[in-house]
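K.L.:
Sequence positions in the sequence shown follow my numbering and run 9 to 340.
Hints are supplied without guarantee of correctness; some may be wrong.
As the list claims (entries may be wrong) - Heads up, simulated BS3-like pairs for lysine-lysine below, C-alpha to C-alpha not over 25 Å straight-line:
hint	residue 1	residue 2
1	Lys95	Lys117
2	Lys66	Lys181
3	Lys237	Lys249
4	Lys181	Lys95
5	Lys95	Lys66
These are computed hints drawn from the structure, not numbers from a lab.
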Amino acid sequence: MKRKIQLILVGIVVAVAAIYSSLFALNTQGSIAPVRPDTVIASLPVLSSQPFLVEIDKGVTFKFDTGSDYSCITQADLDTLRARGAKITERIIPTVGRNVFGLYTLAWKRYVIDLPLHFYVTSDDPDSVGVYHHEPSRDNVLRNAEFILVDGSESSIGIDLMRHFAVEYLYEKQLMRFHSGRPEGYQDFAVLRTSHNPAKTPWPGRRYYMELQVDHITDQYFLDTGLRKAALKLPNSRGEKTRRRTYHDSLVSSFGVFPARTDDVWVQCGNRAGSQLAFYCENNEEPYSVNPLNFFTQDILLDFTTSSIALRPFVTLPKRHFEGRAEARDSI
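Construct the complete structure from the given sequences, taking the supplied hints into account.
P.N.:
Below, the structure written as structure tokens:
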């Protein structure tokens, strides 16, 4: 009887391992390749920063969302791209993970798209109201980009696609650029780590984290560009410990709108420190989250190719002020 139980337990372990391994085998974006493998794959105008929406093609916008395990597309955007001549192939391949709304889903079909991309340039100077104007100068195509059909009004570029590039956000010119390599002029600010937690690793994308010290307490903060308005999100338990006065507010994320309390906290990361508005909230997502695109009013680089975040300095400082390129640490 004891041996039978042991055999059953071994069988269960083998079955779980097989399922877990098969999820790894079903990763997305395994064959993406730009037609023009230039240093800059695309330079796309940012139409909104709350949430971050970029224009892929005229009238076709995608949410920029590191919290989405796979990239999503709506039926309307799919029809528009097909009508404009984009090559689209349907494949029956199961995909499991979080979608643009933060919900775990199982999809059986993928749409493999030769995605049109553009290189927008901006006017040398802003207009009378301080707005830069964008004009396309040349085109590119990202072949074999994989998307999952999603109900709703929002397509997304998920972390599964982003992690193949160094993604640059030009704050003043409101452009999002995808680079095949690291652009010049940036200095490393923080290390990006990926989780080895078995509950987080089998999905198509990766979960990226950065270490922050908030009010002298160090935690790992999930990289979530889906946070709107907020740069920092912490659990309510942290807010209950503060001696400062907090204020009622709300937090908007992919899951919806949630009640929150806000507080000015002291944040340290690398060689930088300063005050930042923190949101204390419980919303069934990661307890600690950070949206670096809401953190800074300067150009920023999410360099997934080297697992680091870098900033373009307002002034060039001596190299001794920086720690050099951070080496990726792959577990938390």
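K.L.:
Are the hints correct? Go through all of them and say.
P.N.:
Here is what the structure says about each hint:
| no. | hint | result |
| --- | --- | --- |
| 1 | Lys95 with Lys117 | holds, 16 Å |
| 2 | Lys66 with Lys181 | holds, 18 Å |
| 3 | Lys237 with Lys249 | holds, 23 Å |
| 4 | Lys181 with Lys95 | violated, 31 Å |
| 5 | Lys95 with Lys66 | holds, 17 Å |
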